[in-house]
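Student: So the chains spell out like this:
Protein chains: 10
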Amino acid sequence: MGIIGSTIKPFTAQSYKAGKFVEVSDTDVKGKWAVFFFYPADFTFVCPTELEDLADQYADLQAMGVEVYAVSTDTHFSHKAWHDSSPAIGKINYHMLGDQNHVISNNFGVLREGQGLADRATFVVDPDGVIQVTEITCEGVGRNAVELVRKIKAAIYVREHPGQVCPAKWEEGSETLAPSIDLVGKI
Amino acid sequence: MGIIGSTIKPFTAQSYKAGKFVEVSDTDVKGKWAVFFFYPADFTFVCPTELEDLADQYADLQAMGVEVYAVSTDTHFSHKAWHDSSPAIGKINYHMLGDQNHVISNNFGVLREGQGLADRATFVVDPDGVIQVTEITCEGVGRNAVELVRKIKAAIYVREHPGQVCPAKWEEGSETLAPSIDLVGKI
Amino acid sequence: MGIIGSTIKPFTAQSYKAGKFVEVSDTDVKGKWAVFFFYPADFTFVCPTELEDLADQYADLQAMGVEVYAVSTDTHFSHKAWHDSSPAIGKINYHMLGDQNHVISNNFGVLREGQGLADRATFVVDPDGVIQVTEITCEGVGRNAVELVRKIKAAIYVREHPGQVCPAKWEEGSETLAPSIDLVGKI
Amino acid sequence: MGIIGSTIKPFTAQSYKAGKFVEVSDTDVKGKWAVFFFYPADFTFVCPTELEDLADQYADLQAMGVEVYAVSTDTHFSHKAWHDSSPAIGKINYHMLGDQNHVISNNFGVLREGQGLADRATFVVDPDGVIQVTEITCEGVGRNAVELVRKIKAAIYVREHPGQVCPAKWEEGSETLAPSIDLVGKI
Amino acid sequence: MGIIGSTIKPFTAQSYKAGKFVEVSDTDVKGKWAVFFFYPADFTFVCPTELEDLADQYADLQAMGVEVYAVSTDTHFSHKAWHDSSPAIGKINYHMLGDQNHVISNNFGVLREGQGLADRATFVVDPDGVIQVTEITCEGVGRNAVELVRKIKAAIYVREHPGQVCPAKWEEGSETLAPSIDLVGKI
Amino acid sequence: MGIIGSTIKPFTAQSYKAGKFVEVSDTDVKGKWAVFFFYPADFTFVCPTELEDLADQYADLQAMGVEVYAVSTDTHFSHKAWHDSSPAIGKINYHMLGDQNHVISNNFGVLREGQGLADRATFVVDPDGVIQVTEITCEGVGRNAVELVRKIKAAIYVREHPGQVCPAKWEEGSETLAPSIDLVGKI
Amino acid sequence: MGIIGSTIKPFTAQSYKAGKFVEVSDTDVKGKWAVFFFYPADFTFVCPTELEDLADQYADLQAMGVEVYAVSTDTHFSHKAWHDSSPAIGKINYHMLGDQNHVISNNFGVLREGQGLADRATFVVDPDGVIQVTEITCEGVGRNAVELVRKIKAAIYVREHPGQVCPAKWEEGSETLAPSIDLVGKI
Amino acid sequence: MGIIGSTIKPFTAQSYKAGKFVEVSDTDVKGKWAVFFFYPADFTFVCPTELEDLADQYADLQAMGVEVYAVSTDTHFSHKAWHDSSPAIGKINYHMLGDQNHVISNNFGVLREGQGLADRATFVVDPDGVIQVTEITCEGVGRNAVELVRKIKAAIYVREHPGQVCPAKWEEGSETLAPSIDLVGKI
Amino acid sequence: MGIIGSTIKPFTAQSYKAGKFVEVSDTDVKGKWAVFFFYPADFTFVCPTELEDLADQYADLQAMGVEVYAVSTDTHFSHKAWHDSSPAIGKINYHMLGDQNHVISNNFGVLREGQGLADRATFVVDPDGVIQVTEITCEGVGRNAVELVRKIKAAIYVREHPGQVCPAKWEEGSETLAPSIDLVGKI
Amino acid sequence: MGIIGSTIKPFTAQSYKAGKFVEVSDTDVKGKWAVFFFYPADFTFVCPTELEDLADQYADLQAMGVEVYAVSTDTHFSHKAWHDSSPAIGKINYHMLGDQNHVISNNFGVLREGQGLADRATFVVDPDGVIQVTEITCEGVGRNAVELVRKIKAAIYVREHPGQVCPAKWEEGSETLAPSIDLVGKI
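Protein chains in written order, with UniProt numbering: chain A, 1 to 187; chain B, 1 to 187; chain C, 1 to 187; chain D, 1 to 187; chain E, 1 to 187; chain F, 1 to 187; chain G, 1 to 187; chain H, 1 to 187; chain I, 1 to 187; chain J, 1 to 187.
You may find that some hints are simply not true.
[As the list claims (entries may be wrong)] Straight-line alpha carbon distances no greater than 20 Å define the calculated EDC-like cross-link-like pairs of lysine to aspartate or glutamate that follow: (1) H:K17 / H:D60; (2) E:K169 / F:D56; (3) F:K17 / F:D60; (4) B:K153 / B:D84; (5) H:K169 / H:E139; (6) I:K153 / I:D182; (7) H:K9 / G:E113; (8) J:K169 / I:E175; (9) G:K169 / H:D56; (10) I:K153 / J:E147; (11) E:K186 / G:D84.
[As the list claims (entries may be wrong)] Label pairs and their calculated CB-CB ranges: (12) E:S25 / C:E175: 53 to 59 Å; (13) J:S25 / G:I181: 37 to 43 Å; (14) C:D28 / D:P162: 21 to 27 Å; (15) A:D60 / B:V130: 31 to 37 Å; (16) F:K32 / E:E171: 57 to 63 Å.
Keep in mind that the hints were calculated from the coordinates and are not lab data. Every residue gets a Cβ at the ideal spot worked out from N, C-alpha and C, and that includes glycine.
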């Protein structure tokens with residue numbers, strides 16, 4: 001089966017969040033919208049720019065009821081050490097999950113075989129734990145948190161307005177479509 | 001193995017392009033950058049808005065050396081009929097592949113099980129036939145061709161400039177990074 | 001086991017009939033005589049002549065208590081678009097089933113391997129869901145709805161008159177046979 | 001794979017034809033058009049009416065270059081005995097194959113499981129040994145040799161005129177179609 | 001296990017007997033002595049001489065409480081037709097079973113592989129359905145019904161007189177043996 | 001495959017014949033006609049009457065070129081001891097094979113399961129080692145050497161006169177049949 | 001597992017003992033000490049000297065409560081015949097078991113593969129059916145019943161005197177040993 | 001296959017012999033007669049009496065060309081330590097093999113399952129490495145070296161005098177038998 | 001799974017301890033701290049120096065509540081004999097387990113394949129039967145009992161003081177660490 | 001097979017050493033003595049004390065020709081960041097291998113199942129890549145680099161002086177042993 005429409009699989013991991021170590025599992029995730037934001041490794045190069053870019057959107061996402069989980073195959077000890085020493089990473093208030101046993105990366109199918117590192121991959125998960133949007137870029141191509149927010153808004157809109165869909169490049173507030181037999185072949 | 005970094009698999013299909021029926025195979029695709037743009041069905045609703053959005057970028061993409069292949073599980077006969085009757089689809093000059101035998105949709109892992117329809121999925125493929133970027137959205141969420149073009153530009157840039165990487169929300173012309181041991185833990 | 005005498009297998013599909021989209025399943029089919037009329041693709045050449053030929057017999061078939069289901073691997077969206085634009089197809093009042101997931105074509109064993117298209121195949125199904133008559137012709141050879149009606153009449157006659165059988169080229173109203181030991185070797 | 005388009009499988013059988021016992025194999029069949037005409041049993045009821053109906057067309061079929069092979073699971077001894085004693089069967093000049101070992105009936109998939117009898121099934125085979133047309137009716141429904149001849153004529157026409165196809169209820173001498181992109185959606 | 005001492009396996013078949021078609025199964029056979037008399041084919045050469053030879057003993061066998069079942073892979077239709085036309089076969093009053101599905105011939109292990117014909121084989125079955133005597137001859141060697149009757153008489157005698165056995169070439173009325181330790185090595 | 005028409009399998013055994021121990025194998029058997037005459041055990045009751053009955057025919061069989069091999073699961077030592085002490089067995093001049101390892105009894109399928117004793121079974125083998133006639137009787141029913149000789153004569157006749165067959169109860173010198181299409185259904 | 005310490009397996013056989021045929025099974029054997037004395041064949045050479053040697057000890061063994069079972073793959077019929085005719089064997093009063101189905105020889109692992117004959121093997125079995133002593137010699141080497149009796153006496157002594165063992169070449173009445181930690185390394 | 005007649009399997013072990021450690025393998029054993037004399041453990045009770053009993057026969061055995069190998073699952077280190085400290089074991093001049101890896105005990109099938117100790121078992125092996133005689137006694141029953149020597153002499157005699165066999169309790173110099181057909185049933 | 005953290009497996013063995021033979025099983029071991037001290041063989045060279053070195057620490061270990069089990073593949077008989085004769089081994093008061101059936105050596109994974117000898121391996125087991133420390137050296141390298149005692153003390157300390165850990169080369173009485181998020185990256 | 005005596009398996013990893021990132025593989029390791037020093041995680045508690053303890057011995061080890069490889073499942077990026085920020089780790093001049101793909105930890109069997117962290121395990125590897133010494137302690141028990149150096153010296157000594165072995169707690173310069181038969185049981 002495709003990844004879209006599948007439910008997230010069980011996991012338990014240590015997270016570094018706001019100066020504390022906390023345990024997070026798949027059951028903690030469900031109940032609200034969530035973003036899983038995978039990146040290859042702590043202390044590297046593109047990763048901190050993306051994590052900082054996402055940190056800038058975190059207040060808005062929280063306001064929309066969306067939690068964020070950054071994930072790499074480093075430990076939570078390493079996440080804390082990075083958070084302590086890096087100005088960019090120091091801005092982060094969301095979860096940083098330690099996936100050194102590779103369970104979460106394998107659950108989402110983004111462990112690079114033979115490398116022990118995760119892909120640069122994003123997953124938007126709805127409150128039922130079902131994956132609705134995904135995006136993966138190759139090693140040297142950074143993501144764009146603004147576009148991510150746009151898609152999350154559309155996904156939330158569609159869930160809250162049955163019978164309506166968001167056309168291409170839809171932005172919050174613009175028009176949607178209501179599919180019906182009369183529209184068949186008419187667009 | 002993850003989808004990123006994998007090579008496209010063999011296929012042969014009939015395409016409707018510019019008023020003609022032509023046969024297209026995986027070997028035709030290789031040698032230049034390509035976008036595979038899957039959508040569920042001809043004569044529906046979100047699909048034409050996305051296809052039109054992409055049609056607006058096609059001239060620029062061609063200028064960058066990028067070919068575009070729209071794919072659904074409809075036949076090339078159906079694609080032509082739709083092109084003939086729809087004002088939005090009538091603008092399309094890129095390939096519309098008939099995948100009624102499901103080979104291409106299965107190759108990219110986006111056939112919705114039991115439905116016989118493809119996901120709303122995009123794949124950027126480099127001239128070696130290797131997938132570099134992917135994005136999938138759920139049924140009601142339209143994609144954004146402008147963001148797609150941004151990522152393609154970054155991917156092309158990285159391929160052409162070994163040793164450099166594009167940070168988050170990079171736009172053509174802005175700064176890139178050159179990873180080295182001295183940058184470890186410094187960003 | 002041979003196809004004759006076998007029972008139709010489960011399916012669920014979207015149908016375009018008389019300006020509406022309706023869901024049809026195998027349980028809807030049972031209870032009256034039915035014709036499954038497979039053809040390769042919408043918007044093609046021999047197919048519309050056969051579908052129109054059958055449309056001309058539809059009123060009579062309905063009078064005999066026979067429902068008709070045309071089937072191709074196109075979607076119901078495509079069926080409607082074709083119905084809207086083609087004068088021949090526009091005459092159709094029977095069901096046009098969308099089999100883009102290939103379930104019905106595989107159920108009847110008529111999916112052309114590797115092509116994703118159905119054979120030019122007809123099946124007459126009795127009210128118990130049992131196949132009584134079948135006919136398949138190669139790509140370029142059109143069927144004959146009049147002969148089909150002749151065979152349906154014979155099948156109905158035999159079901160309603162136990163102990164009687166219809167000889168070669170039997171037409172409604174002509175004589176039938178009653179097999180008995182006295183006829184052995186006498187014809 | 002479907003039956004249409006498949007090649008006949010190897011067999012060897014004793015035939016009664018024109019007062020002689022001759023051996024016939026699949027290699028004898030190839031090289032000209034052939035009809036395999038299966039029926040359940042010698043000395044029964046519908047069968048002789050169908051065999052006689054076909055006997056009436058045999059001269060024409062021979063003129064078209066078509067050979068006919070009647071097949072049941074009786075022996076060639078039984079075929080001869082029936083030919084000797086029945087007025088209807090006595091008219092037959094074509095081959096009557098003894099299939100008491102069930103090889104041919106199984107080859108064409110028409111052996112009724114558990115009964116040791118063949119279905120009432122017809123197959124038109126082209127000079128390459130490829131099946132082009134098939135028809136099967138249930139126990140009590142007799143076939144129609146005139147319609148069979150119509151379909152054979154269409155199949156021969158299509159083979160001899162590449163690029164043309166025969167529409168529904170086509171008769172020798174009437175118009176055919178030449179598929180092209182311009183006809184898509186126009187019929 | 002050897003054939004002697006084994007129980008007959010289940011079957012159901014159509015029989016031609018005394019101008020009627022009747023169904024016979026293994027449960028009908030049990031309860032009295034029975035002879036299964038296999039032969040290759042109706043309308044052939046050695047077979048009718050053997051069947052006639054056995055017909056001459058049928059009255060005596062009936063008097064002894066023994067039923068007779070002739071079996072070939074022809075149908076019951078064919079048996080009747082042969083009975084109608086052959087003076088030798090016309091004398092038969094016992095059962096002629098149609099084994100065109102090969103079940104009985106396979107049950108007794110006498111189907112000639114690849115030929116679809118039974119061996120020239122005889123089996124004497126006791127009232128419990130257990131095989132007591134068997135005989136098979138090659139294609140051109142006819143059996144002898146008188147010797148068969150001698151063996152049936154001996155088998156019946158042994159069943160009815162526990163503790164006694166019939167020596168070589170024993171005939172009804174001649175002496176039997178009563179095995180005991182005193183006879184060991186004394187004959 | 002049935003036993004008739006099968007070739008004897010390899011064996012090597014010690015034989016007692018005419019006051020000597022000799023080794024006999026399947027290759028010694030081939031080249032002339034042979035009878036394998038199985039019996040349950042030395043020093044028992046029916047067995048010696050059958051062996052004596054066959055001894056009376058041995059001179060004639062030798063004159064016809066037929067060798068005889070009596071077989072039980074006793075050793076050749078036991079055979080000699082029996083021959084020394086029994087008046088009936090003392091008459092025997094043919095081979096008595098020791099089958100205490102059960103190879104020959106298993107080769108011919110006549111080892112009574114669980115008992116370690118052979119059935120009362122006869123096999124006529126032609127000079128090619130192919131079995132042409134078989135007969136098995138239950139424990140208490142003795143065979144008849146005269147009828148055995150009749151069948152051997154018929155088998156030899158058929159082998160020496162291709163195109164002829166021996167009808168039921170044929171005796172040396174009486175008429176045979178020559179099968180042809182003209183005889184079909186005429187006997 | 002080794003043979004010593006294993007329990008005898010189930011069997012049922014006919015025995016010749018003291019002018020009678022009696023059935024013996026493994027359950028009859030248990031409850032007292034037993035000797036199984038295998039030999040290759042009746043009517044041979046070394047075997048009778050060993051059986052006679054053992055017959056000379058039988059009265060003593062009976063007095064000690066030990067039963068004796070001679071076993072070969074001959075039948076009980078053969079055993080009686082041998083007993084009737086041989087002066088040496090005529091002395092035997094113990095059981096002679098017929099093992100023509102090879103069950104007992106296989107149970108004790110002494111059937112010579114491919115020969116159908118047992119080894120020259122002895123087994124001493126205690127009243128629980130457990131094997132305590134075994135001895136096997138090759139074809140031409142006769143056993144010694146006196147040494148066998150010595151070992152049986154030792155085995156009985158050990159069973160009846162827990163805590164004592166019989167040293168090398170122990171004879172009835174001589175000293176035994178009582179193992180203890182003080183004896184470790186002291187003998 | 002039985003143990004008698006089988007060839008010894010490959011092994012390599014350290015031996016203590018005459019104040020030295022030497023390596024011994026199966027290839028060293030072949031070429032002369034050999035005795036393998038298994039016992040449970042060094043420093044125990046019955047074992048030293050048996051080993052001493054055999055030591056008394058070693059000079060004679062050597063004169064007959066027979067080598068002796070005592071075997072337990074102790075190491076060669078333990079064998080030497082025992083030899084140093086025990087008066088009985090100190091007499092031994094033959095090989096004492098260390099079988100702590102259980103290879104030899106398993107080769108001869110005498111490892112007591114779950115105990116890691118060998119049975120009290122003797123094997124006489126001829127110069128071809130073939131086992132000719134075996135004997136095993138239970139835990140508390142000592143063997144007898146004199147009887148072992150008697151059997152070895154018989155085995156050597158039989159090998160050196162083809163056509164002769166040694167009857168029961170044969171001693172060197174007494175009469176042997178020459179089996180022939182004339183002796184069958186005469187002893 | 002790794003050896004550390006695994007629970008010891010079931011075993012039963014004879015032990016020589018303080019002049020007695022006692023049975024020891026895994027259930028006896030649990031309930032207090034234990035050392036399993038494997039060595040290759042009795043009566044060898046490095047082994048006694050290590051066993052003596054450990055004997056010097058045994059009083060202290062007992063005081064700490066730790067039992068010691070030396071293990072080799074020799075029997076308990078051999079252990080006693082060695083204890084009787086060696087000055088170094090004579091000092092031992094702890095258990096010497098006989099593992100001649102290899103169960104314990106296999107349980108701990110230290111049986112040298114093909115040699116039947118254990119590695120030079122130490123395991124510290126806590127009162128729950130869980131292995132906490134292990135050490136293995138190659139053939140010629142002796143262990144150090146003082147360092148072993150240091151590690152046992154640390155393991156006991158950690159078990160008794162939850163939340164504390166012992167740093168490198170920790171000695172009884174020196175400082176320990178209490179891990180907390182504040183120490184992350186600070187040592 | 002046990003770990004001692006096994007050869008290290010193939011791996012390739014990034015190492016942080018002396019301010020550089022270098023690739024290290026198993027083939028680089030061979031040719032000199034090596035220590036693999038596994039620990040659970042960067043930025044933790046016991047680990048840095050052990051790594052510092054080992055750093056203090058590194059100069060001596062290098063002088064002895066021994067290379068050191070510290071290994072955890074962190075990346076080389078993380079190792080460098082830790083080296084930059086920790087006073088204890090900053091002293092390290094040996095290799096720090098990044099094993100985030102778990103290959104090396106699995107090769108040596110020390111990956112804690114489900115945790116993605118390595119055990120606290122040490123392996124001494126000789127110049128042939130063969131493991132000679134190992135030691136593993138549980139989570140809270142620190143190792144002792146001085147004792148490690150003692151064992152490495154002994155292992156080097158034994159390799160360089162064939163025929164000599166190092167007794168318990170051997171220190172450089174003290175006496176060794178030369179095993180011979182004369183020493184058996186004498187220590």
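Student: Going through the numbered hints above, which ones does this structure break? Give me the numbers in ascending order.
Tutor: Hints 4, 5, 6, 8, 12, 13, 14 and 16 not satisfied by this model.
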